[in-house]
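Novice: Chain by chain, the residues:
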Amino acid sequence: MQSASTDTANRAIGIIDQFKGLEGPLLPILHELQGEFGYVPKETLPLIAHALNLSRAEVYGVFSFYHDYRDHPAGRHVLKLCRAEACQSMGGDALADRARQLLGIDWHGTTTDGAVTLEPVYCLGLCACAPAAMLDGEVIGRLDSERLDEIAAEVRL
Amino acid sequence: MSLVNEIDYGTPASLSGKMVTLTIDGNEVTVPEGTSLMRAAMEAGIQVPKLCATDMVDAFGSCRLCLIEIEGRNGTPASCTTPAMEGLVVHTQTKRLKDIRKGVMELYISDHPLDCLTCAANGDCELQDMAGAVGLRDVRYGYEGDNHVFAKSDGHANDRWMPKDESNPYFTYDPAKCIVCSRCVRACEEVQGTFALTIEGRGFSSRVSSGMHENFLDSECVSCGACVQACPTATLTEKSVIQIGQPEHSKITTCAYCGVGCSFKAEMRGEELVRMVPYKDGKANRGHSCVKGRFAYGYSTHKDRILNPMIREKITDPWREVSWDEAYKYVANEFRRIQYQYGRNSIGGITSSRCTNEETFLVQKLVRAGFGNNNVDTCARVCHSPTGYGLKTTFGTSAGTQDFDSVEHSDVVMVIGANPTDGHPVFASRLKKRLRKGAKLIVVDPRRIDLVRSPHISAAQHLQLRPGTNVAVVTSLAHVIVTEGLFDEKFIRERCDWDEFQDWAAFVSSPEHSPEAIEGLTGVNPQTLREAARLFATGGNGAIYYGLGVTEHSQGSTTVMAIANLAMATGNIGRKGVGVNPLRGQNNVQGSCDMGSFPHELPGYRHVSDESTRDIFDRLWGVKIQDEPGLRIPNMLDAAVDGTFKGIYIQGEDILQSDPDTKHVAAGLQAMECVVVHDLFLNETANYAHVFLPGSTFLEKDGTFTNAERRINRVRKVMSPLNGYADWEVTQNLAKAMGLNWNYTHPSQIMDEIALTTPSFAGVSYDLLEKEGSVQWPCNEKAPLGTPIMHINGFARGKGKFIRTEYVATDERTGPRFPLLLTTGRILSQYNVGAQTRRTDNVMWHEEDRLEIHAHDAENRGIRDGDWVKISSRSGETTLRALITDRVSPGVVYTTFHHPTTQANVITTDFSDWATNCPEYKVTAVQVGASNGPSDWQVQYDEQARQSRRIKILDAAE
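Residue numbers (my numbering), protein chains in the order written: chain A, -13 to 143; chain B, 4 to 961.
Be aware that one or more of the hints could be misleading.
[Said to hold, decoys possible] DSS-like mimics (lysine-lysine), calculated; alpha carbons at most 27 angstroms apart, straight line:
{"id": "1", "chain 1": "B", "residue 1": "Lys155", "chain 2": "B", "residue 2": "Lys167"}
{"id": "2", "chain 1": "B", "residue 1": "Lys283", "chain 2": "B", "residue 2": "Lys436"}
{"id": "3", "chain 1": "A", "residue 1": "Lys6", "chain 2": "B", "residue 2": "Lys443"}
{"id": "4", "chain 1": "B", "residue 1": "Lys774", "chain 2": "B", "residue 2": "Lys579"}
{"id": "5", "chain 1": "B", "residue 1": "Lys493", "chain 2": "B", "residue 2": "Lys802"}
{"id": "6", "chain 1": "A", "residue 1": "Lys28", "chain 2": "B", "residue 2": "Lys21"}
{"id": "7", "chain 1": "B", "residue 1": "Lys436", "chain 2": "B", "residue 2": "Lys21"}
{"id": "8", "chain 1": "A", "residue 1": "Lys6", "chain 2": "B", "residue 2": "Lys436"}
{"id": "9", "chain 1": "B", "residue 1": "Lys666", "chain 2": "B", "residue 2": "Lys317"}
{"id": "10", "chain 1": "B", "residue 1": "Lys440", "chain 2": "A", "residue 2": "Lys6"}
{"id": "11", "chain 1": "B", "residue 1": "Lys627", "chain 2": "B", "residue 2": "Lys332"}
{"id": "12", "chain 1": "B", "residue 1": "Lys443", "chain 2": "B", "residue 2": "Lys579"}
[To be verified] Covered stretches of chain A, going by a simulated chain B footprint (3 or more residues, C-beta under 8 angstroms):
{"id": "13", "region": "6 to 19"}
{"id": "14", "region": "25 to 35"}
[Stated by the list, open to error] Part of the chain B face toward chain A, derived, beta carbon under 8 angstroms:
{"id": "15", "residue": "Ala199"}
{"id": "16", "residue": "Glu203"}
{"id": "17", "residue": "Ser213"}
{"id": "18", "residue": "Gly214"}
{"id": "19", "residue": "His412"}
{"id": "20", "residue": "Pro458"}
Rather than coming from a laboratory, the hints here were simulated on the basis of the structure.
None of the values given here were measured: they were computed from a predicted structure.
Ideal placement from N, C-alpha and C gives every residue a C-beta, glycine not left out.
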C-alpha cells in the first residue's frame, strides 16, 4: 500500500509533467494542484522546483504571493465576498458582517462542520452588479441579504 | 590606519564604449551609455539617497528614496532605473524630492525598531544614514499600529512578528529589522546564483524567507555571505560583529583557502579580526566570497594551535616544549649529523602551497643552498604537477592561460574533473552568472556535480565517464572534431606546427578513438559525446576549466596534453573567453610551483641541469647548486624505507593525511631520524615528528599568494603571530642556525630576490603590487603590468605542440574482489585535510566524511542510508557512513577526505602519473560492505595519534 505522502507526490508529479512544457508553467501547475487537492500541499513545492529547475525558495515565493493559493484544505464550499470599493458603496460591508454572523466565522475561517470557508476578495470585476460574491467559482451579482441567507443554508446541506 | 571604504555606486558599471554627457545638480558628467543616473551622480561625487540599490546587483527601483527630477520630464523617476542620456539636466535635491523622501523614510521608520544605540549595525547602517540624509525628525504615524517590530502588542502576541533566526553559525537574520529592500534576495540570485532566498507574501506581509519559510541552515543557503554584505540594516549581521562591535580599521589581504585567491578586507578592532569582507576591487573575486573565506577563519585563534616549539628524541615520547633557539639548534645539529653520517642527499624539505611565495622560496633556498641538494618538493606533487608538465610541453608555460574575468566572454565552457561549486565556489558563481546569460556548459565528470543541474543552470551535455578514462574521452572529442572537419585550420597553421598537427590528426582519427569504439570502456553515450564535441568546436568562444579529476590519475599529464590539443585544434587560445584553465586546489599552489619547489626545477620552471640558470643562483647565494634533480616526495619516502633518507623539514603540509597510501607514508616517516614539522596544529604527520615548529596564519604575516590565474596578490599582516614569528622568519632562523648568512627583514626583500633571479617575475615588487593591487605573471619589461591572457600572438614555446595521447588503462582495475571504483573529492564547507575548517563552525555542514553509493550497489550489499560501511582496497580498509545517492553511477563510489578519522587515503594506492608521480587518487578499485564500526586500523591509529600528541607538563617547581 502506498503511503499518503507518496500518493500526493505521484499525483503532483503527474500534474507537473503535464504542464511543465508550457511557457511560464509555474502558475498553471499551482492552479492545477489546487484543483486536484483543494490546496497546494507544501511537500509538492520542492517537486515543482526540481522539475522546473528553480529553487524551493522561488517556488515558495510565488506560491505565497497569491492569496488564492491555499496551504491547507478549505471547507467543502468556498464563499468569497468582494470587499473592494464599488461593492462597499453598494452595502457590501453590511453583507459581510451578516455573512460572518450567519456562518459564525471570521475571514479565512472554516465552519466547524467543514462546510464552508469565508474569504474576502478584492474585486471580482463585477462592479456593475455590486455587491458581488463568488461561491465555488461561480460569480453572484447583486447579492442581497435574502440571497446570502439562502447561500448560508445551501452550503450547510 | 582607518577602514578601507569602498564607494557604492548603486548600480553596476555599464560596459558600453559610447559615452554620454549630462548635467547633474549643475555638474557636467560624462559616463558610458547605459549608466544609471544614480551611478552617474555618484561618479560626480553626488550621493542620491538610496536603500534598495547597491552596485553588486542590478537596479530594482523599489525603495522610492532615490527619486530625482529631470528638466522637461514629468514626475520623479527613480535614479537607479533611469539611464543617463545625452543632454539631460537632472536635479537630485529639490523641495519636492525632499518632501517625498522624508515621507518615505517616515513610513520605513514607522515599522522599524528604534534601538539604534544597542543595535549591532550602529555606525554601519544605511537606514540610519538615510534617516540622517533626508532630515527625518519625527514619525507622525507612531509605532502602535500593525508592525513587525514588537513580539507583543496590547498584551497580545503579534502575528506579524518573527523571532530571530540564529541557525547559521556565522550570521543572524532578524526579521524585525528588515525593510524588505530585496537586496539579500537579489545578491543570492545575481551574485551567488543559489536562489536560496525569496520574498514571501505580499504587501505589508512581505518578508524575506530562506527556502520555504525555513531557517537558514535548513534552506538551500550555502552561507557565502553575499546577503549579509548586501543588507543595509542589521537584519543580516555577522555574529562576530554582534559580539565584538564595529571594526575601526581594515587591510586588504588574500584568502588562504582555494586557488581562486579572493581579495578580502580584514576588518579589525585592534588586533582582533571582526570580519572578513570580500573586496570589490579584488580582480579574482570582484566582491564575492564563499563560506570558507568569508567566515571560516576561526582556526587562527583555535585552542589547538601550538604556540611553542617542541622536541622529542623518539616519536613514542611525549612532546617537550623548548625555546626557539634550542629548537633551531637541535634541528641544525641533527640535520648536519645525518648528512655527515648518511651523506649529503639524506635530508630534504617540502614546501607548502599554503604558505606565501616568499616563504616557499626560502624553503627551497634552504634545501638548495643550505642542505646542498635538490631534495625539495611540494604538495603540488599530489595535485597539479601534471598541469605543469602538460602545459609546459604543449604551450611552453606551466600555468593557466586566462584570468577569471575571461569567463564573462565564454560561449561554451567545458568543465572536466572539477566541482567548482564546492571546490572553487567564487569562480563557480561567476561561471553560473555567465551560464544564466546563455553560455553553454559541458561537464565531463563521473559524478553528477551541482553544475550539471541546479536552479537556472543546466549542462548541455554531461559525459558521465567511468573514473580513469579521461584520456579516452578527451581524445575521442578530438576524434569527432577532426573527422567532422570542425578544427580551426587557420589558427593551427598560424600558431602550431602543421606537421605535428597532421600526425596528431591522423592518430585521433583512427576508428579506435571514435565515441562508438570507446563506449564500452568509458560508459559515455557516443551520441552525447559527439554532440559535446560539436558544441565545443562550433559554439563560439570555448573555454576549458579542469581540476584534480584530470590530474590525479596515472595518465594525468596525458589528459592535460589532450586538453591542450583540444584547445589548439579548435583555436581556443590567446584571447578573452577561451583558454585552458586549471582550477588550482590551494591558495598558493601556483606560486609554490613558480618558486622552484620541484626537485628538478629552479624558480621560474628552469631545469636544474641548465647551467646558465644555476649560475645566477650560484653567484647570488655563493654556493654550487647540484645539477641533478633531487628526490620527489614518494622517492623520499621510498628512500627512507630503504634507509638512505633520514631527515626532512616539512612546512605546512600534512603528508600523512593528504598523500596516497597512508601506511607507506607512515613507514617512511617512521624510518627517519629527524622529522621537522612546521605547522599550525599537531597534524597527522606530526605524529611521526621529532621537532615541531609552530607556524603562523595568513593573517599574521606579509607576503604574496599566486592564484590559479597567475595573479600575484598581497597578503597583509593584520595581527602579530601568536607563535611569535612568521613562517619566513622561522625558516630564516633555521638557515642561520645551519650557518647560512640570511638577513631578510621583510618579505619584500625576498620578492626582490625572486624578481632579480626569475625572468617571469622580473617586474614584480611590493611597490608595484601596492600600486596595481595585483599583477599576473609574466611581469617583466615586455609586460610591465603583467599578463592577464597568455599566448595572445603565439605560444610561449614558439609553436603550439600537438602530442599523441594514447589511452592506457590504469593498473588499478576492478575485479571480483574489488568490483567498485572509488573516486574522491571536496565539499563546499570543508577544505582539504580539514586542519583549518574542522576547527571552525563549518563542521555544522559536514561533520564527517560520507561514502556516496548508488542505490543499486547499496541494495546488493544490504546497505541503508546512514549505515556504517567498510570500504577496502588492495592497500587497506577504513569505515565510514554511507550516503545513498544517484549522483554517482552504479559501480562508482565517492567520498571526501576532510576528516582524519576516516583516512580515505588508507585505501588509495601508490599508482601515480607516469610523468610526474602525481598520485592516482581518483581511481581505486574497492569493495564496500556492511560494518559495525571503525576498522582495527582506525582504532590503532587513533590510539597512536592520541599517544603521540601528549605534551609533557612541566612541574611548577621546575
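Novice: Now tell me, hint by hint, if it's right for this structure.
Specialist: Going down the list of hints, with the structure as the test:
no.	hint	verdict
1	B:Lys155 / B:Lys167	holds (15 angstroms)
2	B:Lys283 / B:Lys436	holds (17 angstroms)
3	A:Lys6 / B:Lys443	holds (22 angstroms)
4	B:Lys774 / B:Lys579	holds (25 angstroms)
5	B:Lys493 / B:Lys802	holds (14 angstroms)
6	A:Lys28 / B:Lys21	violated (50 angstroms)
7	B:Lys436 / B:Lys21	holds (25 angstroms)
8	A:Lys6 / B:Lys436	holds (24 angstroms)
9	B:Lys666 / B:Lys317	holds (19 angstroms)
10	B:Lys440 / A:Lys6	holds (22 angstroms)
11	B:Lys627 / B:Lys332	holds (24 angstroms)
12	B:Lys443 / B:Lys579	holds (16 angstroms)
13	6 to 19	violated (count 0)
14	25 to 35	holds (count 4)
15	Ala199	holds (5 angstroms)
16	Glu203	holds (4 angstroms)
17	Ser213	holds (7 angstroms)
18	Gly214	holds (5 angstroms)
19	His412	violated (25 angstroms)
20	Pro458	holds (4 angstroms)
Comparing the model with each numbered hint stated earlier shows that hints 6, 13, 19 do not hold.
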